[in-house]
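First to last, the protein sequences are chains F and Y.
So my numbering is basically just the index in the first sequence, starting at one, shifted up by 90.
So my numbering is basically just the index in the second sequence, starting at one, shifted up by 6.
Be aware that a few hints might be false.
Keeping only pairs whose Cα atoms sit at most 27 Å apart, straight-line, the calculated DSS-like set for lysine-lysine is [said to hold, decoys possible]:
| hint | chain 1 | residue 1 | chain 2 | residue 2 |
| --- | --- | --- | --- | --- |
| 1 | F | K93 | Y | K107 |
| 2 | F | K109 | Y | K107 |
| 3 | F | K148 | F | K135 |
| 4 | F | K135 | F | K109 |
| 5 | F | K109 | Y | K54 |
Away from chain F, derived, C-beta distances all over 12 Å, residues of chain Y [claimed, not checked]:
| hint | residue |
| --- | --- |
| 6 | P87 |
| 7 | F151 |
| 8 | R153 |
| 9 | G167 |
| 10 | L194 |
| 11 | C195 |
| 12 | F204 |
Hints were generated in silico from the structure; no laboratory data involved.
Note that the Cβ used here is the ideal one computed from N, Cα and C, for glycine as well.
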Amino acid sequence: MPKSVYITAPRPTSEEVAKSLGISKRRQREINAMAEELIRQLRAKERAAESTAVEPEKRRKRASAA
Amino acid sequence: MPPLPDPNGVFLNIPYDVEFSGLYIAYIVGLFQLDLVPHIASEIPGGKRRLDRIFELIQSCRYSIHDLSRVEVSVSPTAVPRFNMPLELGMTITWANLHPKSHIWSVWESEPYRLQRSASDLNGTDPYIHSGTAEGVLSELRNAFRRDRAPSVPQMLTVYGLVNSAVNSFFVRNGTRNPYSGGVFRDLCWLSQSLGNFYPPAKPTT
Chain F
91 MPKSVYITAP
101 RPTSEEVAKS
111 LGISKRRQRE
121 INAMAEELIR
131 QLRAKERAAE
141 STAVEPEKRR
151 KRASAA
Chain Y
7 MPPLPDPNGV
17 FLNIPYDVEF
27 SGLYIAYIVG
37 LFQLDLVPHI
47 ASEIPGGKRR
57 LDRIFELIQS
67 CRYSIHDLSR
77 VEVSVSPTAV
87 PRFNMPLELG
97 MTITWANLHP
107 KSHIWSVWES
117 EPYRLQRSAS
127 DLNGTDPYIH
137 SGTAEGVLSE
147 LRNAFRRDRA
157 PSVPQMLTVY
167 GLVNSAVNSF
177 FVRNGTRNPY
187 SGGVFRDLCW
197 LSQSLGNFYP
207 PAKPTT
């Protein structure tokens with residue numbers, strides 16, 4: 091087994107990461123907007139998957155109640 | 007005294023080829039998910055000798071990953087072995103031996119026991135084995151770099167899928183199909199960093 095490292099250094103702030111990468115503020119804003127949109131789409135997919143998984147259960151309950 | 011390295015900086019010594027791009031993106035995503043910051047040689051502007059730039063990067067990072075999974079003979083008509091990754095690993099080992107408190111390096115491979123055949127001088131060094139898959143890279147990153155409240159591999163894979171879906175737009179914006187170009191690398195990094203603020207949701211913010 092290779093040795094693993096336990097990281098105790100504080101997590102870098104967004105500002106530190108931006109400085110380290112040398113990325114412009116404008117580009118940061120553009121990509122942040124893209125990230126928000128990707129997350130919104132992901133959540134929508136997750137909700138849709140949940141509802142399709144729940145739907146057969148609801149139908150079964152309705153049928154048994156009737 | 008050597009310069010103080012970035013305590014979260016990771017120098018990525020990887021092959022810059024199309025076949026490797028999926029694993030390259032997995033390294034970027036996985037490192038950001040663990041709140042580490044990857045660096046590659048092509049992100050530094052030109053002007054200096056390439057080897058000097060690489061050595062400066064190695065010195066500036068606390069950690070380095072040396073992926074030797076594609077150290078093989080190239081497919082071009084004049085088949086030559088690829089020496090860049092072993093060369094940079096050699097430079098790093100020397101640096102780390104001179105300054106053991108400044109740098110920690112690790113070797114990564116796709117197949118177990120191949121390293122013993124390709125670089126027997128490294129016997130005694132256990133490589134991380136990623137099996138040539140993004141999931142393997144993410145899983146081994148989690149083993150190599152342990153952090154409190156690290157996301158799970160499925161969570162990391164979700165972010166990997168999101169970043170992968172944006173690669174083409176980064177190509178268009180940067181006017182290149184090269185994922186290793188400085189502009190595309192920065193975009194991939196910032197998207198990985200930005201997504202890390204939203205997903206997984208339980209991750210603490212800094």
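Index of numbered hints that the structure contradicts, given in increasing order: 4, 7, 8, 9, 10, 11, 12
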